[in-house]
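Spelled out from the first residue to the last, the chains are:
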Amino acid sequence: MTADGWHSPGCGVVSPPDAGHSDSLVSGDRNCDCRIPDCTVLDCPILVVDDTAFNRTLIGAFLAEAGFRQVSFAASGFEALAMIEAAVPDLLILDIMMPGMDGFEVCRRLRAMPETADLPILVQTALSSGEDRNRAFAAGTTDLVSKPLERTELLARVRVHLEDRVLIRRLQAYRARVEAELSIARSMQEHLLPTPAQCAVVAAAAGCRLRAHSVISPHLGGDLWGLLPLGGRRFGAYLLNVAGRGVSAALNAFRLHALLQELGPAHGEDAAVLMTALNDRAAGLLAPGEKATMTYGVVDGEAGRFIHASADGAPPMILNSDGGPTFGAAAGLPIGIAPGTRYRSEVMELPRGSVLALYSVAVLEALDAGGTGIGLGWMISRAVAEGEGFDAVVHSLGFALGQVSGDDHTLLWIEREAAA
Amino acid sequence: MSGTPLPGLLPLEVRDAVDGLAGARVLIVDDNRINRHLLLALLERGGITLIEQAEDGQDALALMERFKPDLVLLDLMMPQMDGFEMCRRLRADPRWKSLPVLVQSSLSRTEDRARAFAAGATDYVTKPINAVELLARVRIQLRKRAMLRDLEQYHSRTESELELARAMQARMLPGSDRLAELEAATGIAVQAHFAPSSELGGDFWGIERLPDGRVAVYLVDFSGHGVGAALNTFRLDAICRQIGCTDLTPAEFLEAVNRRLCGLLPSGQFATMLTGLIDPVAGEFHYASAGSTAPMVWHPGDEAPRLGDGSGLPLGLLPSVSYDARRLPMPPGARLFLYSDAAIEIPIEGGESHEVLDEYGLATLLALRLHEPDDAALLSGLLDDLTATGPIDDDLTALLLTRQR
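So the sequences go chain by chain: Y and W.
Numbering follows numbering that gives the first Met the number 0, with no gaps: position 414 of the first sequence is 413.
Numbering follows numbering that gives the first Met the number 0, with no gaps: position 49 of the second sequence is 48.
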């Protein structure tokens, strides 16, 4: 990967000469990207606050000898706060006993400001004074170094805190960048789906009411559905799921969406023809192992039928006001497996007042997990029997899928009007 | 203070993000039973419940694998194996390299502290134990470890996911075998450079030999970069392959792509695209451009590249746009250079504010290398020049096409 800052240009990973634990906060066995190159830490700005000139010189000499290049000094608490206001350093080395404003007060003030709330503060205290040490922690110090100052200890502490800071900042920056990228991508994926207004117009033309429930994972995913307006009280509806998860599944979902936009106007009237054409085109785009399950069908509001083809999609379910649910039986290979596959259409009756439910396989799998025998059919029939319909199903879906959140799922609910 | 977090130890953001103490496992290593019980009681009062004890280093090392602690509280002076040795052994094992080791010892001399740090201790507290200080340090280490673990998990998960997607995007571009095939069949050699600014990018290019002997080439640059822009390249690839470029002029092809993209792209997103046909019989490059960069062509003996015209409305903005048919002479031996706008939007270091390397600046850099006979050397030399000019913070694609005959 080439993400900013992850690879450090022109600077190898160097272990400090005196401490074997420079990378001790990272799992070195797994991810060497996370190791902090020495030069990054050495370039972190450090502010030393001490009213005694000798101490400033001593600490400065220790740090300079260890290679730290950006060390500044303040002789009082006031001066330190003014300097921090101008530019927040990566680490503060703070003396406690100072005239004017002591170290405790500096600590408290810095912790009260959001921009310095997480600034590592290393306080110098005498080893013997337990009271001071408690007060220092209470005032918000991150860590202590003992007075009289000891070179190895000081450098070890400075290093540990700077490495943490650099590492956490990098990981946070990485996360912020990726989350921002995914959030844009997710809104684009949502943009592929028909709006409620479009659903209303397209379905009304066929004497139906269409409601959709779709959840797109924040990490993206391969779920997609859409509508094709057709003439003569009909419309087409598809629901597809690209195998796999995350960004790569979404990339293929976008490909298939583009193909459906191309093929829909020409072949949308015939479910089997559309599916066959899509599969032929998709086979040229998808790599071996990449595939999608899909259901496409034409809702005919005039004839009261749903004619569909299936590429291993979850079977469509039709709920009549009398009797149990009817499931579609069309079968076919997933999209992208074998070019030249010929799909067949199946006709299902869609009487007035009945409901056609299309749903993603994820819904089915989530409900069937554990072999409870309580499937989507059971849940939907019950919801309908109790007269609650779509909202109740969505509600129980949320309940059932709560455990597997992060996966996308879709439910389309197409109700044919009872009266002409 | 039992259970209540100490104020101000860590920023609120961190405290809220992860409570590192929940489920944290601490191993106490001390040969003195009373000490162990004291530490145990202290930790429990601090809200830590998963605690194991060991009597010396050997005992502790034997426990490590099974208990998998998040922190070790280590005494230094112990029989069998002392704390210094235990620390060194832990650090030598990759599994425990990152484990916080908090040394607690009655050795308070400077040399002892230095030795402990050298052996790999993360931190050091002196006996007699100060309860507030000890708990504060345990918390600092545990919370930090929990936060790092959380961030690292996010990193490793998304990294592998994006790596998968990146490989898919790379597969979409013409591979070296296809380019070799093209070169053998047409005498047109292609050198390509593709560098997204993050894992995925909004740049995309393709090249194809038509049955009549001409060669179609296109270069696309979507607005934005990253995952979102990459989603657009995937659908554009599907569209381009669906349209096919056999029967259309470059301008007609752009118009067809534009009409489709207008229906697909959310408002605010667009793409620039250059598409062209190299006609070896006529010795010309016929092209059309939707706001792309100016193509550059030079012939053997030229002192500077000739700039074509990249102007035109970008794709995805207005469905009814028509594009101009343009041409550049491209006789045998001529070379054609196509690139995404990252190559001409490099801020010039030391220049006036907001000054960038424009098309003329790029042409000037290119002019210095026109006579380099080796395509790969020419392109990589030019890319070095660009990198030396200033930071490139967008997806960069560069194509060098040479008519060898």
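One thing to keep in mind: the hints can contain errors.
[What the hints assert, rightly or not] Partner residues are not named here, just some residues of chain W that face chain Y (Cβ under 10 Å, in silico): (1) M146; (2) D149; (3) R305; (4) L306.
[Unchecked claim] Here are the simulated distance ranges between beta carbons: (5) W/G300 <-> Y/Q69: 52 to 58 Å; (6) Y/A199 <-> W/D374: 55 to 61 Å; (7) W/E162 <-> Y/T194: 50 to 56 Å; (8) W/E348 <-> Y/R174: 49 to 55 Å; (9) W/R148 <-> Y/Q69: 28 to 34 Å; (10) W/E162 <-> Y/Q171: 16 to 22 Å.
The hints are simulated quantities; they were obtained by calculation from the structure and are not laboratory data.
We treat Cβ as the ideally placed atom computed from N, Cα and C, and that holds for glycine.
Going down the list of hints, with the structure as the test:
1. A hinted interface residue such as W/M146 counts as satisfied when its beta carbon comes closer than 10 Å to some beta carbon of chain Y; here the least separation is about 7 Å, so the hint holds.
2. Because the closest C-beta pair between W/D149 and chain Y is about 9 Å apart, less than 10 Å, the hint holds.
3. Because the smallest distance between the Cβ of W/R305 and any Cβ of chain Y comes to about 33 Å, over 10 Å, the interface hint for this residue is violated.
4. Given the 10 Å rule on beta carbons, the hint for W/L306 is violated: about 30 Å separates it from the nearest Cβ of chain Y.
5. A C-beta distance of roughly 54 Å is found between W/G300 and Y/Q69, which places it inside the suggested range of 52 to 58 Å.
6. For the pair Y/A199 and W/D374, the beta carbons lie near 57 Å from each other, so the given range of 55 to 61 Å is met.
7. The beta-carbon spacing between W/E162 and Y/T194, approximately 34 Å, falls outside the hinted interval of 50 to 56 Å.
8. The supplied range of 49 to 55 Å is broken by W/E348 and Y/R174, whose beta-carbon atoms lie about 30 Å from each other.
9. Remark: the range hint 28 to 34 Å for W/R148 to Y/Q69 is upheld by a beta-carbon distance near 30 Å.
10. For the hinted restraint 16 to 22 Å between W/E162 and Y/Q171, the CB-CB distance of approximately 21 Å keeps it satisfied.
In summary, the numbered hints that this structure violates are 3, 4, 7 and 8.
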